[in-house]
Amino acid sequence: MEKREELYRGKAKSVYKTDDANRLILLFRNDTSAFDGKRIEQLDRKGMVNNKFNAFIMQKLEASGIPTQFDKLLSDNECLVKKLDMIPVECVVRNYAAGSLVKRLGVEEGLKLNPYTFELFLKDDAKGDPFINESHVVAFGWGTAEQLARMKELSLKVNDVLSKLFDDAGLLLVDFKLEFGVFHDGTIVLGDEFSPDGCRLWDKDTKKKMDKDRFRQGLGDVIEAYEEVAKRLGVPL
-12 MEKREELYRG
-2 KAKSVYKTDD
8 ANRLILLFRN
18 DTSAFDGKRI
28 EQLDRKGMVN
38 NKFNAFIMQK
48 LEASGIPTQF
58 DKLLSDNECL
68 VKKLDMIPVE
78 CVVRNYAAGS
88 LVKRLGVEEG
98 LKLNPYTFEL
108 FLKDDAKGDP
118 FINESHVVAF
128 GWGTAEQLAR
138 MKELSLKVND
148 VLSKLFDDAG
158 LLLVDFKLEF
168 GVFHDGTIVL
178 GDEFSPDGCR
188 LWDKDTKKKM
198 DKDRFRQGLG
208 DVIEAYEEVA
218 KRLGVPL
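Residue numbers (this note's numbering): -12 to 224.
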């Protein structure tokens, strides 16, 4: 597989073209950002940890029948992925109250949500990733009703699979965000990444935060927490 020019550079990852029109190379960098990119720092080992963490999770999801963008690891910081036409909508599943939900509704952090909630946000840093609904997605042409239904179905299946996986590792899957895209054959596929950058994970007993909130809230030991989660899951680093 020949790596070619950079196609896109995000806050923490870069995407490169390859000699295969349907495959891309995803590079996980050590950049760590918060508050829509207003704060960015370099954290040693982060790219490697997130790349291998993502590979582990995506393979678990594939084994459970969830189609993902991931193909294979190429190096410590790179993986091969399917080229998708990304839908600019983030799907957020919440099992416990945290983050923006607490700010919006004034509920207590850590409140168990029964049932879990499913939310949509427009992926647009300039607008602060605003909260949207299904009608907005269809009306503005960001996605079809059928695509949204499939995205929700897959998001809830991801929640079922990963809640158990993390529970077995002594962790609470508090919430997480997912992004989806359309492969060349028209199928909806889980894209981007699943790592402690895009979810909230707490220790079941102590409620210690083991995710990117350690960076957002200045708690320190960010990558050490990521590595602890990886160790508990059995991710080979």
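Check each hint, because a few of them may be wrong.
Below are the DSS-like pairs computed for lysine-lysine, each with C-alpha atoms no more than 30 angstroms apart in a straight line [unchecked claim]:
(1) K(-10) / K69
(2) K99 / K69
(3) K99 / K144
(4) K47 / K59
(5) K25 / K(-2)
(6) K90 / K69
(7) K114 / K191
(8) K47 / K70
(9) K59 / K90
(10) K90 / K(-10)
(11) K0 / K(-10)
No wet-lab data here; the hints were simulated from the structure.
Evaluated hints:
Only pairs whose Cα atoms come within 30 angstroms are accepted, and K(-10) paired with K69 is accepted, the gap being roughly 14 angstroms. A hinted pair counts as satisfied when its Cα atoms are at most 30 angstroms apart, and K99 with K69 does not qualify at roughly 36 angstroms. Our distance criterion of 30 angstroms between C-alpha atoms is met by K99 and K144, whose separation comes to about 19 angstroms. For the proposed pair K47 and K59, the alpha carbon gap of about 13 angstroms is at most 30 angstroms, so the pair holds.
Pair hint K25 plus K(-2) holds up; C-alpha atoms about 10 angstroms apart against a cutoff of 30 angstroms. Among the hinted pairs, K90 with K69 is inconsistent with the structure: their alpha-carbon atoms are about 36 angstroms apart, more than 30 angstroms. A threshold of 30 angstroms between alpha carbons decides the hint, and for K114 with K191 the separation of about 34 angstroms lies outside it, so the pair is violated. Restraint check for K47 and K70: the C-alpha separation of about 20 angstroms stays at or below 30 angstroms, so the hint holds.
The straight-line distance between the Cα atoms of K59 and K90 is roughly 38 angstroms, outside the 30 angstroms bound, and the hint therefore fails. For the given pair, K90 sits about 43 angstroms from K(-10) by alpha-carbon distance, which is inconsistent with the 30 angstroms threshold. The straight-line distance between the Cα atoms of K0 and K(-10) is roughly 15 angstroms, inside the 30 angstroms bound, and the hint therefore holds.
Checked against the numbered hints above, the structure violates hints 2, 6, 7, 9 and 10; every other hint is satisfied.
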